[in-house]
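Construct the entire structure; sequences and hints are all you get.
Below are the chains, spelled out letter by letter.
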Amino acid sequence: MGEPTLCRLGIDIGGTFTDLVLMRGDASILIRKVPSTTDDYCRGILLGLDALLAEAGVAPSDLELVVHGTTVATNTILEGRGARTALITTRGFRDVLEMRRLRIPQLYNLQYTPPKPLVPRRLRFEVAERMGPRGEIWETLDETSVFDAADRLAAADVEAVAIALINSYANPEHERRVAAILASRLSNRLHVTLSSDLVPEIREYERTSTAVVNSYIGPTVEAYLSSLMDRLRAAGVRAPLRVMQSNGGVMGAAAASAKPAYIIESGPAAGVIAAAAIARRIGLPNVISLDMGGTTAKTALIENGEAAKTTEYEVGAGINLSSRLVKGGGHSVKLPFIDVSEIGAGGGSIVSVDSIGALKVGPRSAGAVPGPAGYGQGGTDATFTDAMIVLGYINPRAIAGGSVALRPDLAEAAVAGIAKQLGLSTIAAAWGIYAVAAANMTRAVKAVSTYRGRDPRDFALIAFGGNGPTVAIEIARTLGMRQVIVPPAPGVLSAFGLLCADTEYVASRTLFRRLANLGLEELEDVLAALSREARADLARDGVTEEESELVRGVELRYSGQAYELGVALPSGQINLEGIAAAFHAEHERTYGHCSPGAPVDLISVKVIGRSPAGVSAGALSSLNGHGPRAAKEEIRITHFGPDLRPQDTPILTRPALRGGSRRGPLVIEEYDATSVIPPDCTASVDLSGNLIIGIEQPQ
Amino acid sequence: MKIDSITFEVIASALSSTADEMAITVMRSAYSPVVRDTMDYSTALCDHLGRVAAQGLTLAVQLGAFPEAMRHLIEQFGDDMEDGDIFLFNDPYGSGGQHLPDIYVIKPVFIGGRLEGYAATMAHHCDVGGITPGSTAMHATEIFQEGLRLPIVKLYERGVPASPIFRIIEKNTRQPVQVLGDLKAQVSACASGERGLREIYRRYSAEAVRFYVNELHDRAEALMRAEIAALPDGEYSFVDYLDGLGENPEPLAIAVRVVIAGDEITVDMSGTSKQVPAGINCPIAMSNSAAYCAIRSIAAADIPNCDGYMRPIKVVAPEGTIVNPVLPGACAARGVIGYRVFDAIMGALAKILPDRVIAGSEGGPTLVSIGGRDGERRFVLTEVMVNNWGARASLDGPEGISNPAANLSNQPIELIEAEFPLQVVEYGFVPDTGGAGKFRGGLAFVREWRLLGEEAVFTVRSDRRLHPPYGIGAGKPGSPSSNAILSGDRRQELPPMPMAALGLKARDSFRHVGAGGGGYGDPFERDPAMVLDDVLDEKVTPEGARRDYGVAVDLAAGTVDESETARLRGSAGTRRGQERR
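Here the protein sequences line up with chains Y and V, keeping their order.
Okay, so the first sequence: first residue is 65 according to the numbering used here, each after it adds one.
Okay, so the second sequence: first residue is 458 according to the numbering used here, each after it adds one.
Since the hints were derived computationally from the structure, they do not count as laboratory data.
What you were told as hints is all true, and nothing was included just to trick you.
What the simulated footprint calls covered on chain V by chain Y, stretch by stretch (three residues with Cβ under 8 Å from a Cβ of chain Y suffice, anywhere in the stretch; the number is not a length):
id: 1; segment: 469-480
id: 2; segment: 640-646
id: 3; segment: 649-655
id: 4; segment: 674-680
id: 5; segment: 756-768
id: 6; segment: 808-816
id: 7; segment: 883-889
Here are the simulated EDC-like pairs of lysine to aspartate or glutamate, each with C-alpha atoms no more than 16 Å apart in a straight line:
id: 8; chain 1: Y; residue 1: LYS424; chain 2: V; residue 2: ASP759
id: 9; chain 1: Y; residue 1: LYS484; chain 2: V; residue 2: ASP461
id: 10; chain 1: V; residue 1: LYS641; chain 2: Y; residue 2: GLU652
id: 11; chain 1: V; residue 1: LYS808; chain 2: V; residue 2: GLU692
id: 12; chain 1: Y; residue 1: LYS180; chain 2: V; residue 2: ASP990
id: 13; chain 1: V; residue 1: LYS459; chain 2: V; residue 2: GLU664
id: 14; chain 1: Y; residue 1: LYS424; chain 2: V; residue 2: ASP461
By construction, the Cβ of each residue, glycine as well, lies at the ideal position given by its N, Cα and C atoms.
Right under this line is the structure:
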């Protein structure tokens, strides 16, 4: 049954499982879930690979491309296991990294302590030099101060160094000279990052911090990717290895090793990319993705088929409570990220009653061990999953196709404990847990929609991850959304997203000029230079000019504002009036007002070089019916709020809906997820195997 | 109505996420650096009675100022509000304002023809006229010199903008584009607050929302009462001082007597200095707010940030004092007193809650406004600068952090240099400035601006030179602040609160060093390993380590010299109790 044509492999590593998705030349798909081997992730990958290739009858040499989503970069920071890193900065600005932006994510907490900087003060060295804001040299670089710094770096035995000088975004000359001197004096094994190379944009703290993060995780990511590459080669894989970036594009392993700050949110990005591919496939340009796993739920906005991006991100801040106001808990990374809002609500989230008697779900999680009480592994805290068992939503005998046996009695006992504290029945408390978790996630959905001026009612919700399809409809209902889509194989969708992702490089430059004073020719020159840069990056991954496309954009703001809005440029001729008009329109849309008479500043220019993956979400339809195909319809008692009376509910598999749409209550059970459809909703399956759920909303 | 804790949580969460959304709208669409980068603004969602139901995650110390503003608004316009009206005001005398740059924009929200709440915002505007650019001069003697005084007026009437008011504002500021832009951002935030409230009412009946909001207030009140009841009854006093005005400063006292009786707490500021003919008097709205904020901060429980928690807290501030001035008291730079009220309450509570308070912090934000002409263009840079906390019972005071009563940000140096004819010469920590203690106070910061243009004037509000941030127990005070003009090789020392606008010529610099945070506990009990870390990080010098901590460091080896340390600490044992330095 082996296909003679070439195959692609996606590998997505999560805290609990490593998911592999293989797409054969005929676009048919096979998936495999293996436990993650946290001591050495490569071992798990190789085990899964062997099994999957054997099942597919595919030889390792038949793979043309391997795409990887990894948490190695984030974990290195969360666990504080990065390289011993130094920072070289301008005299007078040694503490920019530690001062950060001063703000903290909590009010009224006098015991708060900010996170330690990734480079301690003793390893931050100053050199004498100064650039001006227009790239003019205010003070020439004193090379003896660089020699001194180099000696101190050598004595301190550092493994990585970041160079971040004031105003280097406007002129990188001094940073480059410092790097050259260090190279001549120090071991070439040092991982070096120039802030002007990684992120040539204005704002010294954000640029410095980004360069430091890159250096700090650099040696670890480099070692990991090179070890994975070696072991894939040893297993006979000849295909190139590419890595998912936080912005949803993929880049070659060599580029990822040099600029690992680009792959921090590798995993979450892949799920959003898959959701975007599905949305395009079914002709819904505007959707919100909801990915709920064991510990967190993540949402993202997809508009006109593209995931919304941000460059304001912090790594190491723990779970982002969905509001961009909450800053200062981590380390700034000013690179493009898919704008994912995260909240600490997953299947393992622990339920508690707080001091004012309010019910809380998460952010603490029971994790994989001991897990929910109903897993019977010794956990006693009630979790979200336990409440789902009590409500009859989750199969009380076993999940994951029978591989995990459940103890509904223990789930019920745990939820009963919460019910007692609230003076409610066990069923009512379970419904409360469901409703509160949904309310928390509603906040995450609002953070990516209403917070940026988008009305969620104009969007459909795509739900995936092990628990997304269980809770999605309640969230959609709260926000007035009318449609929820559950794609096939919702539990491994992120791995599939790796195969849909385009190879992508971003080249950017800060201009900071009044738009009216900017010559069109100058803008075109910058665009041309950035286009060459992006094309050169693609060429290093073997992408030809014919296979690639360029997307150009500018970031603008009214003179005096601090935050830019992005405007895409048309592919052909551009004109400055058209750019200004597009900006006024975007400002009106996002904030509800604009000032067409006010001066506009052009802050930065971006060119994205892209090589489309050429994979359609339609490929997923070959997975339609994956999992148990039991035709016989089972009935289970479930409870839905607000009345909570017991209802006989058909338990179906997805193919059973092929015949046409059915009205809730229904539960769709699959190998890797459970979809819950309340009484006033209808469910059907489309030709690609997507579960389409319609919600009745009050007018 | 029966309380359903699930509906309660869902409504409370929706209210606070709406207030946050309002704050994001202001941040992202504001024009002036002081609003957009420093984030000197606040948002709140109030219930139908005008009581704060939720606060955006912005400035802690401003939350408690909304009640005074709402009280005046409802007294004056309670029976003259219609759908589409938006109110605007800043007057501290008769409108509940704090100082003239802080402009309130508040929109009553009507649902089903009935007033159901208010979307409220307050932002520090970069200039509202007055004697110096930035409108925060300390040397005004009456409010009439401080800029545009706005009583409560309708900025929009039934959705129609009142263009005369926009034009009056436009003509009374040095920065019309930024001020009008920031006002638009506030109006925009009110609209998003209104939208959020409507969403809540779409899901729940008006009766249910009112019921649960009441419940929110009641639970917050009950929690705060329980916190207070757990404290020992009694009176606890503390006096903190401001350095005073101008060249020959007379100290100004903030006298605080905290009276705990059962489940109520009174902050009595009788004995505080009389109001002064300078712009530092602190109108009652902010004095109240600082007191609420301090009490809220020492509570152990996570209490909802709504009106209910303020009910058991009573503030007594006699009229005519610097904490409750009367007309024509100038108040442009009132924050220096407002933040000190917070510090003084901490000092009083240190006696009964040593584990929850912090030692004296740097003294509230230093406020610098630099204005001038750059060719054809007028410019004003307003910086509100914060940096450190005092030490805690088991933690050092952090440096590189916003004031505990505020949540302000610093402005990117590169943005300042790109937009203004200024160079920031230095911005960083200063070694040996954190108050010594078993736990060290946060280090002071230095920031120096050099004028690259022809001429500019600046004003500075700072403090904590003659009365540095206090330590707790045997902890030492932090280092004092300083202000200086550097002109070539000349250094001109300035008083903490210069009572005039000062001139800068091309290439002159203004250099400000903040105060260090106070220490906590005996410095000779500090773990020598922590002293070593500070020395290796050059936060404490080797000499400072010997002098202040009795710790000798072998720099070459990167270790503590144990025997020398024992000798230093041993000999100090006999000295201890006496006054060192």
